[in-house]
Structures are given as structure tokens and as C-alpha cells.
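Go by the hints and put chain S onto chain F.
If you're matching them up, the sequences are chains F and S in order.
Heads up: the first sequence is residues 766 to 883, going by the numbering used here.
Heads up: the second sequence is residues 129 to 240, going by the numbering used here.
Keep in mind the hints are simulated off the structure, nothing from the lab.
Bear in mind the structure is a predicted one, so any value in this text is a computation, not a measurement.
Even for Gly, the Cβ is constructed at its ideal location relative to N, Cα and C.
All the given hints hold, so there is nothing to weed out.
Where chain F lies over chain S, by a calculated footprint (3+ residues, C-beta under 8 Å):
1. 182–196
2. 213–226
3. 230–236
Chain by chain, the residues:
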Amino acid sequence: QVHLVQSGAQVLKPGASVTVSCKTSGYSFNQYFVHWLRQAPGQGLEWMAIINPSGDSTTYAQKSQGRVSLTSDTSTTTVYMELSSLNNDDTAVYFCARGNHNYGIDVWGQGSTVIVSS
Amino acid sequence: EIVLTQSPVSVPVISGEPASISCRSNQSLLHTSGHNYLEWYVQKPGQSPQLLIYLASIRASGVPDRFSGSGSGTDFTLKISRVEADDVGLYYCMQSLETVRTLGQGTKVEIK
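Same shape as in the complex, but just chain F (with noise of 0.2 Å):
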């Protein structure tokens, strides 16, 4: 069975950086994408970011790039997700999620909560 299991909640003070980790297991980890998305309170869904664990290319969303970097550990089968220079608008639930680009984002992981305050 196919599973993304994602770290805790953290809360993390303006200016910080935090890391999200997902753990997969259940399928080839070298052949699919992970997609990186956010929910910030009362708002919808942001796509932020994407890797492909074969060879660790990444792309990220404008808005993203340059405060948020991907990597991936094939030896532990997790992705991580990493945002610096945080603000108040960075608290959010983070998604990792499972992808192809022929059959839609399938497995999501559990969400991680990362709130942001002084």
C-alpha cells in the first residue's frame, strides 16, 4: 500500500527556516514525482513545487523560488522540503503528494502544519 507520511506541526518565529519531511514507501521511488502544495488558513490550494527523485530535478513556482529548495533521500525513500525567510503568510498546511504527469497527483500525504509567529 502506497503511504506519504509527513512530520509533525512546528511553529517557528518570522525569519526562520523550516524543513517537512515525507516519508514514502509502497511503490518505485524513482519513478514518480512528488508535488510540494500549501493550504494557508481560509484559502485554497497553492502548488509550490515539484521533484523527480531519478536525479533530483526540481521546478519551483515563482512565488517559490529562491525561498524553497526539494531534495530527496532515495536511500530512506523520503523527500524534504525546505522554506526560509519566514513570514506570516508562510502558515499553512504543507502537502506532499505522490505524481505523474499522465495520471494526476493519486497518494497525498497527511499534511503538516507549520505556523509562523513572534
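Quick look at chain S alone, frame taken from chain F:
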């Protein structure tokens, strides 16, 4: 950037009645392969989003046949033939034509 516009913002519907959501793109989502790269997702209260439809009209595994997707190019529609209480949630369209994905602003389906 591909911009997706969903309408309406909210769909109040009586249980058992149909519902329809529109998604319009500012660029064609029709690939040279002949596929339209448009997906539909639902986020039920307190849950992670889940895939309903991909390639504009193909239901994902386990999705009831009450859900159907249609459209091509820039105009797409998600239809629920008979809304059930479990269908309540926020519905999003997403384009996958470009590596940088974009989503509509969401449509709330609620039971009257």
C-alpha cells in the same frame, strides 16, 4: 502562467440532485498527444485533497461513476449526477500541461 478560473464559488445543492462546476483556462490545455491535461480534486473537510479526474475525463481509481469530467481546450466541467452528503467539500481544477502546476480558486459544494 496558465490561469484557471472556476465557477461558481459555491454550489448549494439538494441531496440527490446534480451539481456542475466549470473550469476555464486562459490557454488551451490540449497537448499534441490529443490529451487535455486537466485534473479535478476534492478536499473534504479535515482531509487531504484526493484525485477525482485526470486527463479531463478519466475517473481515478475508486471514484464513483456519479462523477464525470468533460471538456477540451479551455473549457472544462465536473458534474456530479446525484450529490450525496459525503460529496461536501472544496473542488479544485488543476492543469498539468506545464511542469509548474496551477489550480483554480476552488468551488465549495454544500448540501442545502
